[in-house]
Amino acid sequence: MRIGIVGGPNSGKTTIFNALTRSATAATAYSSGQLEVHTAVVDVPDPRLSFLAQMFAPRKAVYAQVTYNDIAGLTGGIGKEGQIRGPLLNAIAANDALLLVARAFRDPNVPHPNDSVDPGADFAAMETEFLLNDMVTIEGRLERIAAQRSRGPVEERQRLAHEEALLTRLYPLLEEGAPLKEATLSAGEKKLLGGFGFLSLKPVLRVVNAGDEDDEDMFSHCLNEGTFFLRGRLEAEIALMTPEEAAEFLVGFGIAEQGLNRAIRRCYQLLGLLSFFTIGDNEVRSWAVGAGSTAPEAAGIVHTDMQRGFIRAETVHFDSLKDAGNMAAARNQGLLRLEGKEYVVQDGDILNFRFNV
1 MRIGIVGGPN SGKTTIFNAL TRSATAATAY SSGQLEVHTA VVDVPDPRLS FLAQMFAPRK
61 AVYAQVTYND IAGLTGGIGK EGQIRGPLLN AIAANDALLL VARAFRDPNV PHPNDSVDPG
121 ADFAAMETEF LLNDMVTIEG RLERIAAQRS RGPVEERQRL AHEEALLTRL YPLLEEGAPL
181 KEATLSAGEK KLLGGFGFLS LKPVLRVVNA GDEDDEDMFS HCLNEGTFFL RGRLEAEIAL
241 MTPEEAAEFL VGFGIAEQGL NRAIRRCYQL LGLLSFFTIG DNEVRSWAVG AGSTAPEAAG
301 IVHTDMQRGF IRAETVHFDS LKDAGNMAAA RNQGLLRLEG KEYVVQDGDI LNFRFNV
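Numbering-wise, the sequence shown is residues 1 to 357 according to UniProt numbering.
These aren't lab readings, by the way, just hints derived from the structure by calculation.
Pairwise CB distance ranges (calculated): (1) Glu156 x Lys341: 31 to 37 angstroms; (2) Glu139 x Asp43: 38 to 44 angstroms; (3) Arg354 x Val136: 47 to 53 angstroms; (4) Ala187 x Pro45: 29 to 35 angstroms; (5) Val136 x Arg106: 33 to 39 angstroms.
Backbone N, C-alpha and C define an ideal beta-carbon position, used for all residues, glycine too.
Input sequences plus hints: build the corresponding full structure.
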């Protein structure tokens, strides 16, 4: 799971990156065509894995992970028209989802590019920039298709015609100000669009980067299901503290749960992910898989050979195992099941894949 952190100049997105990754990275700017991307890999906290590690005492416990990419600020001024190009576009498009950071903190020493702190307007401007970028991409591709569609073998002309029809259908959606992720697309159409790097096709979580003393009620006008409130500088400081110190500060500032944990959970929801577990003598491990995935698809995340030679999956749910007390008791109580290729993996499943290649 790769999450790109994107924002305008002086939005504090590197501070958000530090808060979510326990880093102490200094902010950098994108200038003269030089792009620096800060990257950090973070374990996905899951108390269920800790419980399994205590029960089975393996050599190690391996958590599912999320990779955060702190991408240099959008240039050219938030909201100004123009395509996002080159390294910046590639860095943004390489992610599975995006965290859009808008500034809500007020600091006279850090000027806002638009001379006005308005996170709602900044979110709208960034997402409009994504729409315009996708429109330019479609226009360019349609021009190339028009030059190629009368040449080549029949199969290639048919493929181009299908692509042209899809892009032509999607373009008016962008003109109306709607992102591509709102379009109804088949699995095949999603696969076809995957190579274009469309920015408005990506899931987005908007982060309101507020000041230390700010309250969510101050920004109720721009907070909704897809928006995440975070006191970035405060959370970045807490992220570097010991657990004991952090707990004291969280209570003092009325923060129920540290931002890095809340952000990962929201990213899971955003991407429609759930966790399953595998158990062995050497390790217990949690894995992320898309909701609705079948047992063979989950096996493929562990190893491609497991999916290719999938026979069955022996499974017990974490809650059932915990209630039983150990694996032998769960087996005796009939809680372990053998599931076939059509089985849809559930969050908290413990899976042992049987395969043959």
